[in-house]
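Protein chains: 2
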Amino acid sequence: MELYLPYYKYFEQYGHKSDALFHALKAGILSGAISAGTKLPSSRQLALTYGLSRGTVNVVYERLHSQGFVRSVMGSGTFVIYHQLDVNDRSLKLLVNDAELSDWGKRLVEIELHRGQVSQVQRGSTDPISFTLGQVDVTHFPVHEWNRLMFGQVREQYKKESVDAYSSEGHAPLRESIAQHLHTFRGINVNADNVVIVNGSQQAIALIIQLLINEGDAVAMENPHYVGLRNAVHSVGGKVHAFPVDDEGIVFTTSTACSYKLLIVTPSRQFPKGVVLSMERRQRLLQWAEENNAYIIEDDYDSEFRHYGRANEPLKSLDRNGRVIYIGTFSKTMMQNIRLGYAVLPDALKNWFTIAKKVYERHPSSIIEQRALADFMNTGLYDRHIRRMKRIYRKKAELLLKLLTEQMQDVLALYPIDAGLHIYARWKGTEVEFEPFLRCCEQLNVQVADARASYLGDSEQAFCLGYAHLDEQQITDGVMRMVEARKNVGGVENIQSN
Amino acid sequence: MELYLPYYKYFEQYGHKSDALFHALKAGILSGAISAGTKLPSSRQLALTYGLSRGTVNVVYERLHSQGFVRSVMGSGTFVIYHQLDVNDRSLKLLVNDAELSDWGKRLVEIELHRGQVSQVQRGSTDPISFTLGQVDVTHFPVHEWNRLMFGQVREQYKKESVDAYSSEGHAPLRESIAQHLHTFRGINVNADNVVIVNGSQQAIALIIQLLINEGDAVAMENPHYVGLRNAVHSVGGKVHAFPVDDEGIVFTTSTACSYKLLIVTPSRQFPKGVVLSMERRQRLLQWAEENNAYIIEDDYDSEFRHYGRANEPLKSLDRNGRVIYIGTFSKTMMQNIRLGYAVLPDALKNWFTIAKKVYERHPSSIIEQRALADFMNTGLYDRHIRRMKRIYRKKAELLLKLLTEQMQDVLALYPIDAGLHIYARWKGTEVEFEPFLRCCEQLNVQVADARASYLGDSEQAFCLGYAHLDEQQITDGVMRMVEARKNVGGVENIQSN
Chain A
3 MELYLPYYKY FEQYGHKSDA LFHALKAGIL SGAISAGTKL PSSRQLALTY GLSRGTVNVV
63 YERLHSQGFV RSVMGSGTFV IYHQLDVNDR SLKLLVNDAE LSDWGKRLVE IELHRGQVSQ
123 VQRGSTDPIS FTLGQVDVTH FPVHEWNRLM FGQVREQYKK ESVDAYSSEG HAPLRESIAQ
183 HLHTFRGINV NADNVVIVNG SQQAIALIIQ LLINEGDAVA MENPHYVGLR NAVHSVGGKV
243 HAFPVDDEGI VFTTSTACSY KLLIVTPSRQ FPKGVVLSME RRQRLLQWAE ENNAYIIEDD
303 YDSEFRHYGR ANEPLKSLDR NGRVIYIGTF SKTMMQNIRL GYAVLPDALK NWFTIAKKVY
363 ERHPSSIIEQ RALADFMNTG LYDRHIRRMK RIYRKKAELL LKLLTEQMQD VLALYPIDAG
423 LHIYARWKGT EVEFEPFLRC CEQLNVQVAD ARASYLGDSE QAFCLGYAHL DEQQITDGVM
483 RMVEARKNVG GVENIQSN
Chain B
3 MELYLPYYKY FEQYGHKSDA LFHALKAGIL SGAISAGTKL PSSRQLALTY GLSRGTVNVV
63 YERLHSQGFV RSVMGSGTFV IYHQLDVNDR SLKLLVNDAE LSDWGKRLVE IELHRGQVSQ
123 VQRGSTDPIS FTLGQVDVTH FPVHEWNRLM FGQVREQYKK ESVDAYSSEG HAPLRESIAQ
183 HLHTFRGINV NADNVVIVNG SQQAIALIIQ LLINEGDAVA MENPHYVGLR NAVHSVGGKV
243 HAFPVDDEGI VFTTSTACSY KLLIVTPSRQ FPKGVVLSME RRQRLLQWAE ENNAYIIEDD
303 YDSEFRHYGR ANEPLKSLDR NGRVIYIGTF SKTMMQNIRL GYAVLPDALK NWFTIAKKVY
363 ERHPSSIIEQ RALADFMNTG LYDRHIRRMK RIYRKKAELL LKLLTEQMQD VLALYPIDAG
423 LHIYARWKGT EVEFEPFLRC CEQLNVQVAD ARASYLGDSE QAFCLGYAHL DEQQITDGVM
483 RMVEARKNVG GVENIQSN
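Chains as they are written, first to last, in this note's numbering: chain A, 3 to 500; chain B, 3 to 500.
I should point out that these hints are in silico values taken from the structure, not numbers from a laboratory. Take these hints with a grain of salt, some might be off.
Unchecked claim - Now the in silico label distances, taken between C-beta atoms and shown as ranges:
no.	chain 1	residue 1	chain 2	residue 2	range
1	B	Val253	A	Cys260	21 to 29 Å
2	A	Gln445	B	Asp195	27 to 35 Å
3	A	Gly154	B	Glu147	46 to 54 Å
4	A	Arg150	B	Gly34	46 to 54 Å
Where is the CB? At the ideal position from N, CA and C, for every residue including glycine.
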């Protein structure tokens with residue numbers, strides 16, 4: 003195909019062949035000149051047209067792919083998929099015409115435009131198996147007991163004196179139960195007054211960032227990290243400084259050149275790598291926060307499920323000076339449909355956090371579930387459920403690890419899974435085979451979670467496998483499909499011809 | 003008592019006696035130098051000390067009172083009550099020491115410091131009667147039918163395919179039901195795609211403000227208005243320009259000196275005055291929005307309950323060019339504990355609104371209630387409930403209006419109540435008697451909602467009476483207590499000696 007690209011214009015601007023080609027293509031796609039569904043020229047053709055090496059073209063195609071603009075189909079070529087993003091063309095155009103959003107709104111547009119495309123399982127001839135993250139096993143949930151408590155709260159709802167209908171902090175007995183649970187199971191001594199119920203941990207983290215971070219402020223984070231956190235920082239105009247993660251967790255180095263008011267970490271189980279922050283580094287982080295009057299968000303997203311040994315002490319349990327904000331969630335320990343989480347706040351922030359929440363919600367949401375959950379915790383059902391699920395998840399984790407080790411050890415480096423509900427796998431195969439491998443997985447109806455979007459800047463070739471919601475048969479079949487995908491890898495013109 | 007005030011310092015700064023005294027006292031109270039519980043000098047004493055008239059001192063005391071810093075106790079004097087605010091001394095001090103909040107956070111502090119004190123019903127010898135706003139009558143709620151639907155959804159919850167667990171816009175069938183309801187009952191033709199479920203209308207309004215308004219931008223509003231809206235504008239650093247309300251609604255005048263991107267109005271029933279926006283003004287507002295590329299938030303907070311005649315056409319039903327964002331809530335039509343509302347968004351804003359919501363919540367809250375409510379609407383139960391409640395609320399409204407007219411006509415100007423769940427009463431009595439009247443009401447255990455906080459700048463002496471949740475006996479007793487309070491008015495040294 004013939005494709006006119008303003009390549010030379012961008013070459014003048016960027017002074018680098020690869021950048022020029024990338025921006026020329028990206029601008030064309032964004033403007034609609036190269037519309038969704040268009041097949042891009044082969045790397046051979048494009049290389050010839052602009053006097054580039056085919057390797058350069060392939061790098062650019064990879065970069066467009068990682069940003070969700072294009073997709074390669076084995077044996078046919080590279081296609082523009084841009085219109086498949088959430089943001090449809092129409093609203094993008096309206097936006098450009100109206101241009102009425104606030105700076106905050108414009109930052110959301112930026113975030114959205116740079117959002118990676120999540121690959122979808124195609125409905126094919128075989129049942130899809132999705133190793134997606136965030137789902138849990140509900141087949142072992144004590145449905146009968148939970149429903150009984152929910153029924154009770156539904157019956158009471160209309161006659162309840164609406165005392166907690168006015169407390170944005172949430173249902174007081176639930177806050178008590180959480181404080182008690184944290185004391186017993188996580189060694190955190192906290193007053194129920196400092197616990198605030200939220201609609202999932204994302205709400206808590208977004209509000210704290212908004213309370214503390216100005217446009218231009220830098221926030222320290224791990225690399226990789228959960229994309230939602232990065233987006234929350236970008237939404238207020240903050241800059242993300244992402245520090246690498248090694249076997250002991252975040253390698254946080256400060257310089258006099260830059261100071262941080264906020265550090266966001268996942269000490270119990272780094273997301274998504276799964277490594278545990280070493281005790282020495284924990285103490286160093288706390289010391290840093292104290293000396294610099296900074297806050298640390300400890301996102302404890304799934305560490306209730308520790309398969310082996312004793313759970314590490316949370317940062318919060320070591321926090322003597324109110325520098326740590328501890329965030330927990332029930333969406334993983336109960337079920338995904340329950341959007342309840344909590345934040346444990348230092349005294350200095352507690353009132354402001356509540357006031358911030360009230361800007362959006364003067365009243366708490368899901369009050370029936372809050373009340374039923376308080377009963378569920380107080381009657382010991384919650385602890386029993388977690389103990390039971392620990393065993394079940396451990397078995398699944400062991401199976402998945404065993405199969406992957408047996409079958410794919412030569413191409414995958416597997417991170418430890420002594421806790422949590424997913425496994426992080428780094429691709430050890432040749433670099434050019436990773437992308438084709440992911441596409442083969444798609445075609446074989448097995449979905450893995452591409453981990454590259456979790457990185458800021460250079461990313462590792464890696465993916466995550468969430469196994470909590472799958473049974474043993476699905477886990478086994480899923481791995482077998484990956485093995486097959488791996489065998490099929492190769493033969494893709496654009497990539498292989500590098 | 004002796005009280006040292008930096009009066010002369012502030013007089014130099016402000017050049018006006020009254021302002022100087024006000025700021026000297028306010029600074030003393032805020033800094034803690036004049037602590038909570040302190041009795042302020044009598045107006046006579048203070049006037050003598052600084053060579054002022056007693057009238058000036060009384061005006062200053064009134065101003066401190068209206069901002070929630072002091073409180074007058076009949077026959078004893080004026081007392082500092084500052085520490086009774088939500089914001090306790092400790093966190094204020096920590097704040098001052100730490101001073102780590104973002105600009106957004108600091109604006110919340112400002113808002114909080116200027117928040118008026120809500121008077122509380124004291125538990126006395128008689129049962130308290132509270133004409134508070136926002137509560138509804140649940141004794142006639144179809145509890146049996148609603149609970150049956152809720153039970154059904156509870157049973158399904160753990161096995162539901164979590165399709166809507168991922169749509170921040172909310173449960174699709176509920177969005178369909180709302181679109182249908184709006185079409186049938188409000189004449190609004192809207193696609194379910196443009197309806198987004200929120201956790202109460204405050205969330206919708208706060209997000210829209212955040213999406214559209216930059217620091218320093220002016221937002222046009224009614225005066226008086228709901229304080230939560232004003233706070234949402236102030237939180238993003240926007241300026242509130244409040245336009246007066248007459249018998250036809252907002253008197254919105256634009257000048258070339260100032261342009262607005264956003265106007266927030268309550269056309270169906272002005273909050274809190276209750277007047278209806280005339281058709282001519284509706285058309286003028288729409289025309290203005292079209293010509294100026296501006297948006298209008300139409301907050302339709304309680305107009306489902308129209309006692310007489312046909313409901314007015316909402317602005318949204320006249321909106322041909324996507325300038326109106328229509329906001330509705332179920333907290334008044336169902337029950338207060340159900341924190342569900344919705345926003346109807348123009349195409350140009352719909353995606354950005356959803357993306358904005360996802361910064362805080364990637365998943366919807368209260369999904370069980372969303373599903374049950376969809377069923378409740380689809381089976382006709384919702385419409386039937388509203389029809390029934392209309393009759394019940396009309397009877398209550400007529401009783402309250404009759405009693406107030408009979409008993410207090412000479413001191414109260416009553417605004418029309420052809421819809422809604424509260425009545426707005428302007429004080430016609432002598433100005434100095436209003437404050438003592440409110441305090442007498444408190445002492446007689448009847449709570450009225452002081453309307454002065456709803457004004458920006460000069461406020462009318464007025465209060466609101468929410469009657470929805472009270473039965474006929476309580477309404478009657480409540481009015482009798484007000485009549486008694488009115489008789490008791492007088493004899494307060496600070497005020498009377500003006």
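Using the Cβ atoms, figure out if Gly154(A) sits within 46 to 54 Å of Glu147(B). Taking Cβ atoms as reference, Gly154(A) and Glu147(B) lie about 18 Å apart, which means the hint is violated.
The hint says 46 to 54 Å between Arg150(A) and Gly34(B); measuring C-beta to C-beta, is that right? Given about 51 Å between the Cβ atoms, the range holds.
Hint says 21 to 29 Å; check whether the CB-CB distance for Val253(B) and Cys260(A) agrees. violated, 52 Å
Measuring from beta carbon to beta carbon, are Gln445(A) and Asp195(B) in 27 to 35 Å? Because 32 Å falls inside the window, the suggested range holds.
When held up to the earlier numbered hints, the structure conflicts with 1 and 3 and fits the remainder.
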